[in-house]
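Protein chains in written order, with our numbering: chain A, 194 to 727; chain B, 151 to 439; chain C, 124 to 436.
No wet-lab data here; the hints were simulated from the structure.
Be aware that a few hints might be false.
[What the hints assert, rightly or not] Okay, the calculated bits of chain C under chain A, using three or more residues with CB under 8 Å as the criterion:
1) 285 to 292
2) 397 to 406
[Said to hold, decoys possible] DEER-style ranges, computed between Cβ atoms:
3) 456/A with 187/B: 37 to 43 Å
4) 324/B with 132/C: 24 to 30 Å
5) 258/C with 187/B: 20 to 26 Å
6) 219/C with 292/A: 36 to 42 Å
All values reported here derive from a predicted model rather than from experimental measurement.
Ideal Cβ placement from N, Cα and C applies to all residues, glycine included.
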Amino acid sequence: MRMRWKTIATAAFGLAMALPAAAQQQPRNQITIMREIDSDRYDPHRTTALAGGEVLTMLSDTLVSMDFDMRTIRPGLAERWEVSPDGKTYTFHLRRDVTFCDGRALTADDVVYSINRWIGRTTPRVVSPVAWRAGNVKEVRAVDPYTVEYELNEPFGELLSQLTQFFGSIVDRATVERLGDNFGVQGFNGTGPYCWASWTPRSELVLTRHPTYRWGPPVLQNRGPAHVERVVWRVIPEAAARVAALQAGQADITQYIPEAFWDGMRRVPTLRTSNQENYFWDVFMGFKVDKPVVSDLAIRRAAHMAVDRVGLARAIWSGHATPARNIVNPNALDYDAQSDAMVPNYDPAAARRTLDEAGWRMGPDGVRVKDGQRATFLMYAINNLANQRAAEIIQQGLRQVGIEMRVQLFDATVAWGRLATQEFDAYILSYPYISATDALSLYWHSRNRPSPNRMNWNDPQTDAWLEEARRGLTPEARATATANIQRRLAEQAPWLTLARNQLTVFATQRVEGARAHGLYGIGIYRGLDLRVVR
Amino acid sequence: MSATASAGPVTAPRRPSAFRMLMKDTGAAIALVFVVLIVLAAVFAPWLAPKDPYETDLMSIMSPPSADYWFGTDGQGRDIFARTLYGLQVTLFMGLTSLIIGGVLGALVGFLAAYYKRLDGLLMRFMDILLSFPAILFGLALAAIFGPGLTSVIIALSIATIPLMARIVRGAAVVVMGLDYIEAARAVGMTDKRIMLRHLAPNCLSPIFVFATLRLGQVILLGSALSFLGLGAQPPVAELGAMASQGRNFLFIAPHISVVPSIAIFAVVLAFNVLGDALRDALDPRLRI
Amino acid sequence: MAKYALQRLALAIPVLLGVLLVGFFLMQVVPTDPAIIRAGPQATQDVVEAIREELGLNKPLWQQFGLYMWRLFQGDLGVSIINNVAVTQELGDTIGPTLELMVASLFWSIPLGILMGTLAAYWRGSLIDRGIMAISVAGVSVPVFFIGLLMIWLLGFQWQLLPFTGRGGPLWTMDGIMAIILPALTLGGVFVGPVARMTRTAVVDMLSADHVRTARAKGLNEFLVVLRHALRNALIPVITLIGLQIGFLLGGAVVTETIFSWPGVGRLAVGAILSSDFPMAQGTIIVLSLGFILINLAVDLLYAVLDPRVRLS
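Isolated chain A (complex conformation) (with noise of 0.2 Å):
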């Protein structure tokens, strides 16, 4: 009897010995992407979520490609392309080379249908909230089936960084229209370097390599196929747990870590680190100027001078974020340096003078009240760690200066359903760009109301120095028109920007080729150059 109990507890130690090692397996020529949500669909005329787009651009390819400067545009599924003098007609030169992941060859029909579909011009007709990205188009045309004609009613300077996005995707036309409703959902059929196994919602995607692909954009090292053979997206909410999978080896790349394991982890031996250094993505909170009380200017105003954005970059995002001024990120094409001295600083003081000359008294209950009016406003944001903690640091500080910022979370996914309303008076969100035009336009053309011009900004002077932007016939002219804007709004403070944010994309010494893009926030793009290496 003693004798097997002891047989019993060598086992049991045995086994647990071989635990460790035994979890930490992967298999081979698989590498297992963590992230954070899932995303509703992954149709690109459809979605406009990052976690649509990371997936979009493994699955998928674009006319033309972006390099890692964020500026430079390079060949895609279109070898070489002109611009006619005009600046309206684009001439695409397609590969010849290219097929789908069911073996069909790409042709210049293909392209026109996607763009099409993007543009809400094909039936039944899909909603891109993003058509805008497309320019004024007169005319999607294939010329032969190697040549694609974009013909624009007017000239759009920055037409080419934006096929560059996931929502220029080249789709197959036969099967979005087999699965209907379910394009993106239960299949998809595209050129990338990746195709789709499948999907499990909120758990985990699994494409395969696409073994004819040889098309990748010179942006890469590797052109095609893929090196591996699988890779896995899977979804783990829990910041926690992603880095404890990262650190034991049971996932291999993520790009969503929260700040405050960033210098702990890049001192782990077991990874390593990628940054992009032209990185645009901002966190803001913006006001809607004809609601009450958001409506003051002295209340705007104050709002910048009660919220500490150096504090709060160290607090939310432990330093890994810089702080901000101005709308744009003063490494992006067309930033104004002027307006960046004219949005107010940080100066509790300042702001409760403001406040005091503007007419808002202090009330019983430290909050302020005018004419019978008291300081206080509502502001929605998706319910997430960062917007959690920012929301109740900024409360904080603005109950400090007298104003009541009542705050609503939403769920990602009811969460843009509530921010295209009027319910709110403010709102906190972030979002990628690549220069001050593309910024710009996004947010503040009236006709960009209600959403996602949250603001309500009805100006036609900005509307003006937009289209001169957009259009952007000489850099000069652009510059000039951009700077108007970004002063104006510097002075009429209808938004905060409370931080930039940083990638980085951490990886296990397992795999390599797991360079931070950045691309509308997407860490990996392509996934060309992934290898196991152990």
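For this one, chain A is given, so just place chains B and C on it according to the hints.
Only chains B and C this time, still in chain A's reference frame:
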């Protein structure tokens, strides 16, 4: 045991002796003292807390416990000690409110079932049905209907408490109903309401008391679990389960953010459970083994 | 026996209808119009109207209820607002992992709890009894998320012994077993206490029962007396009580699944509620409720089979 017979027709709870018995049990005595301390801490949180529980100190984010911050600070630089005190307040409020609402309704059902034989079958069958669903389901359903929040949790926990209380009260009341003097009271022409209030209710007090103490622990545990899931108290409200949930994101860099509120819940629930067990032993000697 | 079973079944039917009715009204009282959610923020009024027509939302309430019952009967619980996947399909995918987790937790916690309870009962009043009862009262007082967080922090992160990020695969694979250990330890951890307490009470009762005294008086081996006469007879009420405690286990399962990213019904339900995915929330709540009606029915019948006295009363 023979004392039961000599005590007359009604086994009234003998408070002094019960209390003395309670104090003889060291664990129970400690639990009682602890419960009193917790309640005092929660009630006097605004005076006891060294800092504002919502004040964010951006210079000390996630600091470990120190002389300045006894339990450290959380992800927003808020004092966890102050937040724990306020958290006790919110958590106890949540527990007590749902216990009172569910308890009163449940007791009413129990009395009615015991007193009016015609209602008994129907009411208790309905209670059985309610009882067959776990409390967490009520929590999920209420959060789905009214949206996540403290109110949803309180309603859910109240509903889950009703059938339990109804059973306890009915059980106790049926025994009393069988006693001769209720018949006598009826014969004298006492109204139903009067009989219920004067005779029935007082004699059910001790099982109710025992049940309430034990149930409070369970309710707190359930409520904090719902808050932990995000279905209960919403940030920035300092609720212990919600605090533990927020800290979960920093478990590996600053474990104290989750561990402190978790231990607080554990300690409170443990105290109520130990006290409840001891009360049961003291008030209801028949259950003692 | 058959009569009793039929009786219980007949009683379950109104409960079932009640649950379905509640499920139906759940969708009626939610503050959001399902058609608008389904249509998305950019939809025009005619699109919303078309969806309203398609979903039958324009019909009178009783007709909608009929439609809902008819769909349910066909196994159609609607479609998720979030990703258009059929609710039944998602439920089908998640029920397995939840059952897996529950069984794995019971697998170790019931034997351990019964062992602890028996030991405590046998040496009642002793230090062992007090120790075991202290552990079990602590067990019923600890928040399940606290155990889970400690497991993740220490076993998962500090010592890197076991994975804690979701299901590793089917249980017959090494990965699958590795991945379920921590969640099963967490969930089972809160169940040991109740089982131990119930067992102790039942065994103590049995030890003072006549037939056990007789067995002892006959000079039977003490170990055999406890095992054969006391514990075996005590098992009937214990098993029944365990059956009735499955609801308690479910509460823990919801939290455990969330902490460990376990792809089960509980996590699905919480996710659906937090994201206002009402069809999915409704589906999970209905299915979980039905599960409970069935479990209770099964426990009742099992009890009746094991203990004939129930049938007679």
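Going down the list of hints, with the structure as the test:
Beta-carbon proximity to chain A at under 8 Å applies to 5 residues in the stretch 285 to 292 of chain C; the threshold of 3 is reached and the given coverage holds. A stretch counts as covered by a chain when three or more of its residues have a beta carbon under 8 Å from one of that chain; for the stretch 397 to 406 of chain C and chain A the count is 4, and the coverage holds. Taking the beta carbon of each, residue 456/A and residue 187/B are about 40 Å apart, inside 37 to 43 Å as hinted. Under the hint 24 to 30 Å, the C-beta atoms of residue 324/B and residue 132/C, about 28 Å apart, fit the expected range.
Separation of residue 258/C from residue 187/B is about 24 Å and conforms to the stated range, judged on CB atoms against 20 to 26 Å. Hint check: residue 219/C to residue 292/A, Cβ distance near 38 Å, so the stated range 36 to 42 Å holds.
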